[in-house]
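Number of protein chains: 4
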Amino acid sequence: MAGSTFGTIFRITTWGESHGKGVGVVVDGCPAGVPLSEEIIQKYLDRRKPGQTRYSTPRKENDTVTIQSGIFEGKTTGTPISIAVYNETQRSSDYSEIAGYYRPGHADFTFDAKYGFRDYRGGGRSSGRETIGRVAAGAVACAVLKELGINVFAYTKMIGPITGNPDCSLLENRIKSPLCMLDLDASARAEEYLLKTMQQLDSSGGIIECIVSGMPAGIGDPVFDKLDANLAKAIFSIGAVKGFEIGSGFLAASSLGSENNDAFLGIQNGRAVKASNHAGGILGGISDGSDIVLRAAIKPTPSIARTQQSIRQDGSPLQINIKGRHDPIIVPRAVVVVEAMTAVTLTDALLCGMGARIDHIHDFYQ
Amino acid sequence: MAGSTFGTIFRITTWGESHGKGVGVVVDGCPAGVPLSEEIIQKYLDRRKPGQTRYSTPRKENDTVTIQSGIFEGKTTGTPISIAVYNETQRSSDYSEIAGYYRPGHADFTFDAKYGFRDYRGGGRSSGRETIGRVAAGAVACAVLKELGINVFAYTKMIGPITGNPDCSLLENRIKSPLCMLDLDASARAEEYLLKTMQQLDSSGGIIECIVSGMPAGIGDPVFDKLDANLAKAIFSIGAVKGFEIGSGFLAASSLGSENNDAFLGIQNGRAVKASNHAGGILGGISDGSDIVLRAAIKPTPSIARTQQSIRQDGSPLQINIKGRHDPIIVPRAVVVVEAMTAVTLTDALLCGMGARIDHIHDFYQ
Amino acid sequence: MAGSTFGTIFRITTWGESHGKGVGVVVDGCPAGVPLSEEIIQKYLDRRKPGQTRYSTPRKENDTVTIQSGIFEGKTTGTPISIAVYNETQRSSDYSEIAGYYRPGHADFTFDAKYGFRDYRGGGRSSGRETIGRVAAGAVACAVLKELGINVFAYTKMIGPITGNPDCSLLENRIKSPLCMLDLDASARAEEYLLKTMQQLDSSGGIIECIVSGMPAGIGDPVFDKLDANLAKAIFSIGAVKGFEIGSGFLAASSLGSENNDAFLGIQNGRAVKASNHAGGILGGISDGSDIVLRAAIKPTPSIARTQQSIRQDGSPLQINIKGRHDPIIVPRAVVVVEAMTAVTLTDALLCGMGARIDHIHDFYQ
Amino acid sequence: MAGSTFGTIFRITTWGESHGKGVGVVVDGCPAGVPLSEEIIQKYLDRRKPGQTRYSTPRKENDTVTIQSGIFEGKTTGTPISIAVYNETQRSSDYSEIAGYYRPGHADFTFDAKYGFRDYRGGGRSSGRETIGRVAAGAVACAVLKELGINVFAYTKMIGPITGNPDCSLLENRIKSPLCMLDLDASARAEEYLLKTMQQLDSSGGIIECIVSGMPAGIGDPVFDKLDANLAKAIFSIGAVKGFEIGSGFLAASSLGSENNDAFLGIQNGRAVKASNHAGGILGGISDGSDIVLRAAIKPTPSIARTQQSIRQDGSPLQINIKGRHDPIIVPRAVVVVEAMTAVTLTDALLCGMGARIDHIHDFYQ
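Residue numbers (the numbering used here), protein chains in the order written: chain H, 1 to 366; chain Z, 1 to 366; chain R, 1 to 366; chain W, 1 to 366.
Think of the hints as simulated: they come from the structure by calculation, not from any bench. Nothing false has been slipped in among the hints.
Derived, one-sided and incomplete: chain W residues facing chain R with beta-carbon distance under 8 angstroms:
# : residue
1 : T5
2 : A107
3 : L283
4 : Q308
The beta-carbon is built from N, C-alpha and C at its ideal position, and this holds for glycine as well.
Generate coordinates for the entire structure from the input sequences, incorporating the hints supplied.
Below is the structure:
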């Protein structure tokens with residue numbers, strides 16, 4: 001079925017495979033009048049570009065963005081913004097070998113099960129390159145949120161077993177760490193860990209945390225379109241995500257109610273002031289005006305050079321050794337993808353939430 | 001905005017508040033010809049009914065279901081199935097006190113922030129009674145899945161800090177444990193823990209695991225409507241859920257690729273046979289035919305009798321003591337809700353997935 | 001598939017068959033704070049009630065409305081409004097005969113073709129009683145529109161070949177005509193025509209016109225969700241509608257551009273002042289602030305007492321004589337249904353349209 | 001809001017303005033395995049290309065299509081098909097004049113009312129060039145329908161006041177008439193009429209009829225997603241459409257029930273055999289297997305060279321003379337657009353309709 005569109009009012013549709021002509025996104029429902037340019041979007045894309053550290057694939061991709069519609073005189077017009085990144089030289093021959101078998105941890109088998117065949121070059125549609133469209137859409141969403149004073153910030157909280165100290169929360173550190181961590185000591189230890197992993201021809205995962213500040217209270221819906229439910233879907237739709245939590249998350253399961261409840265202290269600019277934020281900024285599916293805090297667990301890259309047991313398309317067994325240049329970890333490159341999906345979800349929720357009260361609607365249309 | 005509808009083809013819409021005339025659901029898009037009756041649905045509702053153990057609120061609610069449309073001669077007709085449970089005697093006066101302040105951990109503040117006022121009786125729309133509609137819809141979904149040989153089973157994996165031994169996986173044990181655990185030793189220890197918590201006027205959370213067997217491979221979509229992404233939303237839309245994971249979940253983040261990849265061994269009935277199931281039955285957003293395994297972290301009940309710090313609607317502080325009969329833990333009653341949302345999501349995915357291949361469509365319409 | 005839900009933000013879901021327990025609607029996404037009561041809704045339902053003139057079926061149905069959720073202290077709360085009308089004594093035996101054959105002009109054959117069998121009692125889901133849910137939802141939408149100074153008014157423009165004089169546009173006349181016409185002379189002639197038709201055991205159709213005043217300019221979307229496109233779907237989803245037009249409609253096809261263009265004269269309160277309104281209040285899919293004018297062509301009631309050629313379920317031919325009490329014309333009863341679907345569509349468009357400009361969104365969230 | 005996406009399972013999203021970098025469409029949810037190429041799509045685009053007869057704008061546009069994703073080895077892969085047509089040399093200066101005033105019959109005023117400003121070059125998003133995306137998507141839909149034995153054929157039924165004789169239904173004639181009429185005598189008279197109209201610096205409208213053959217019975221849904229309701233929306237979303245009807249359409253309103261009912265004669269291959277087809281192939285919103293017959297009324301091109309009364313953005317009056325090369329009639333070029341939107345709607349309905357019966361679903365997943 002259709003599954004490449006996300007959102008209700010602010011709605012994005014991605015397209016493109018790893019080794020086709022390119023990848024892109026159509027952003028529909030973006031409000032008119034938002035300053036936007038290719039430069040603004042390129043900055044976000046550059047954060048997911050490979051080849052910037054030794055911990056990502058050495059493939060060289062410039063990922064140069066072009067805006068094809070929806071902008072006039074430097075501002076969004078309210079009509080669809082079509083954004084594309086065209087693929088540069090691709091050698092599909094690299095992939096002819098994997099056409100005939102199924103890589104463990106990849107979507108090769110399930111694509112064949114669903115569609116009967118697949119574009120096997122570089123993972124096709126399930127390639128990490130699909131996230132280029134998400135990041136570009138996220139840049140647009142961030143441009144909208146910026147106008148409303150809302151900021152979305154993600155970083156690497158954990159690499160393999162190495163967790164950063166939560167007290168080291170200097171946001172400026174992210175740019176100093178090749179792994180996008182805030183705790184630079186932990187980052188150094190994580191680098192060591194990764195190098196060892198790479199020597200073993202293996203790969204690692206990690207945890208990304210995302211913090212949203214400046215969110216108004218009252219955004220989100222009480223039942224199926226809870227703000228956290230939509231965030232859960234948004235983040236879980238990123239390949240390699242295996243877990244999602246908000247606020248105290250899984251820790252809440254073993255806490256007492258008296259520990260986990262956040263005492264209310266007051267109201268400031270319509271936002272709740274609370275003694276703690278175990279709720280992660282959302283109560284009953286609706287934002288309370290505190291920071292929204294969410295985390296995503298990212299599995300280790302499935303493409304590893306070690307010999308693995310697998311099967312051919314006919315089910316017969318074989319031993320495989322995946323060649324090529326693969327990311328030993330995708331966490332640092334996925335940080336901006338988590339930001340993007342968070343921003344897209346929040347922007348949609350903000351636009352959907354304007355019709356909640358008849359007095360506000362009345363004033364709006366006066 | 002609208003937020004009470006879930007699903008694309010198999011689509012459910014819930015309605016109702018804790019203290020209104022009743023609660024219910026409209027199930028639209030259910031295939032014609034599925035055997036269904038009030039008895040079938042009632043069995044599911046009875047599993048979430050309060051007052052069955054000392055670990056749930058002693059409130060007496062029969063929650064008797066009525067089907068109002070969509071069934072003819074014992075089978076679904078393909079038209080909307082309207083299901084209602086009417087509320088019995090409710091004493092709204094119990095709640096007049098909470099009208100003026102915001103309970104920590106509840107949606108009182110955020111409802112006011114969104115809508116300007118709220119039906120404060122018993123939590124209104126954010127009451128746990130809203131899940132009655134979900135469970136009824138889940139019963140319909142399970143009736144569909146049963147016809148296709150698919151089984152959905154959830155149980156309590158953890159209560160507070162007490163985790164069941166994963167080796168104790170006798171499914172029949174669920175009915176023997178008042179907490180819906182499979183490990184009866186752990187269940188006994190969890191009961192002790194809960195009694196102590198209750199004596200301290202406090203509450204507990206826990207973790208629910210859900211296992212789906214018999215799922216065909218090839219269900220789900222590769223990008224935003226990944227099967228796990230839709231499950232994440234479905235489960236996270238249940239009130240009190242703070243975390244969601246699939247397969248090895250958060251553990252994957254600290255694993256190596258060589259550990260986390262599931263080796264393929266063969267293909268049986270179109271389903272992958274794998275050496276392990278860290279993926280939880282889903283690869284690239286599409287089912288691989290293994291069991292789907294997911295977990296939800298449930299926070300402790302926010303309604304506790306201990307004194308808490310809070311605020312009035314004007315932001316001024318006060319100390320509150322919540323009265324009334326509240327669940328010291330909702331986990332055991334939420335088990336069937338997790339099953340229901342899982343079943344609804346899978347049924348929708350199965351119906352949406354029929355148009356994936358032109359050869360299948362051609363044969364279908366011959 | 002699901003097909004019983006309409007709308008994006010203001011979203012309605014109807015349920016129920018002719019001879020089931022009842023019919024109803026869930027209205028989701030209604031703004032909080034709108035005054036609403038059963039009395040307000042009942043007035044709309046009374047306008048579609050049968051048995052009020054000799055030109056509708058003499059069946060006695062009170063169609064008493066109950067609101068089951070979503071209202072607190074006389075106002076909408078923003079949560080789903082569940083509205084039901086329970087069926088009174090129904091003698092299903094009347095319909096056992098039609099179980100085995102297909103009535104011309106009815107959905108009997110197509111239901112069997114789609115679902116394999118059908119609830120044959122009184123047309124089941126394709127009965128005119130399904131419109132009760134639409135009218136109730138329309139009453140809610142009209143309550144919203146009233147708060148915004150928008151009025152929706154429909155009337156009978158034509159009965160069989162008898163058209164009212166467009167100069168006779170005294171809206172107050174509608175209540176004086178048993179056929180809901182404004183031209184009382186034409187109404188009298190239409191009554192004569194209908195009586196003759198009824199004597200011949202035949203039925204008639206007609207045209208309903210709907211006029212919306214007070215609509216702001218700028219509502220609707222430029223491409224697929226054009227305001228007129230959504231109105232076309234809304235009106236065409238009413239059973240028996242075979243044609244839809246807006247403004248000068250089909251007449252535009254034979255006009256010259258110089259005749260059909262509406263000259264702009266000025267701007268008043270943000271609305272276009274035009275020398276004429278051939279556009280029917282919508283340009284490029286977006287309201288211009290003039291009256292929205294639309295028309296629906298209603299086919300003659302397919303249930304007629306005259307002998308008709310038809311087939312049994314196995315395809316074998318037979319002659320049928322439909323018994324029972326049927327409307328010789330449904331146009332007068334459908335007037336309020338056209339109003340309802342128009343109001344629902346406009347309310348949704350108004351709520352969806354609030355996020356069109358970043359400056360407005362910025363001010364809204366300040 | 002978002003309004004550039006159409007469809008539920010087979011879902012299209014168009015983007016692009018008249019004078020931006022290009023226009024395009026993303027077709028999501030297309031089944032895998034459908035033969036598709038740029039050549040196949042180009043043939044459809046060539047039918048809407050301007051400059052082919054003296055009755056269309058002499059602007060030279062090649063409208064060369066490129067497929068950017070979703071095809072592998074000549075077949076669709078089931079993933080999004082991104083299709084673009086890049087604009088060739090555009091002289092935006094032509095349009096600077098119209099930036100300051102509102103053209104009658106155009107969307108200039110309403111775009112400003114909605115978005116606060118507009119891309120005024122060539123109509124921006126409300127330009128006829130937006131239909132390029134629709135036609136490309138329609139070509140994809142037609143490729144799907146062809147695999148299922150379904151054919152969609154549209155032609156010009158009326159130009160200004162000149163109607164073709166319905167007996168002249170030689171489909172091969174369409175290519176012989178520069179106006180896409182089937183009655184070549186009427187076509188010749190229509191040419192004369194158009195030339196006279198053009199001399200008077202005026203424009204004309206007309207009626208397009210579309211006929212679908214080979215449709216199975218049982219497609220469409222009974223309530224809001226009636227097949228005719230979705231077709232009504234699809235066709236009405238084409239700019240310049242002011243009326244839509246199905247089967248006998250507006251004529252049904254003045255017919256008797258005994259005339260308008262189609263007698264059933266038998267069942268063939270699951271399709272109804274009827275004595276007539278006043279219903280236009282759809283009963284109760286569901287296809288009966290007869291030809292689907294629909295008509296669209298197209299208004300005269302609003303861009304005319306004659307002097308017109310209009311206003312500036314500040315509401316002050318002025319006389320305008322629209323310059324440039326405009327179509328004196330768009331009907332012949334819109335024929336393929338009507339086919340496209342019909343094909344897209346039917347393809348979606350076919351894919352959505354596969355889950356109607358549990359026995360069929362059971363067999364499908366065996």
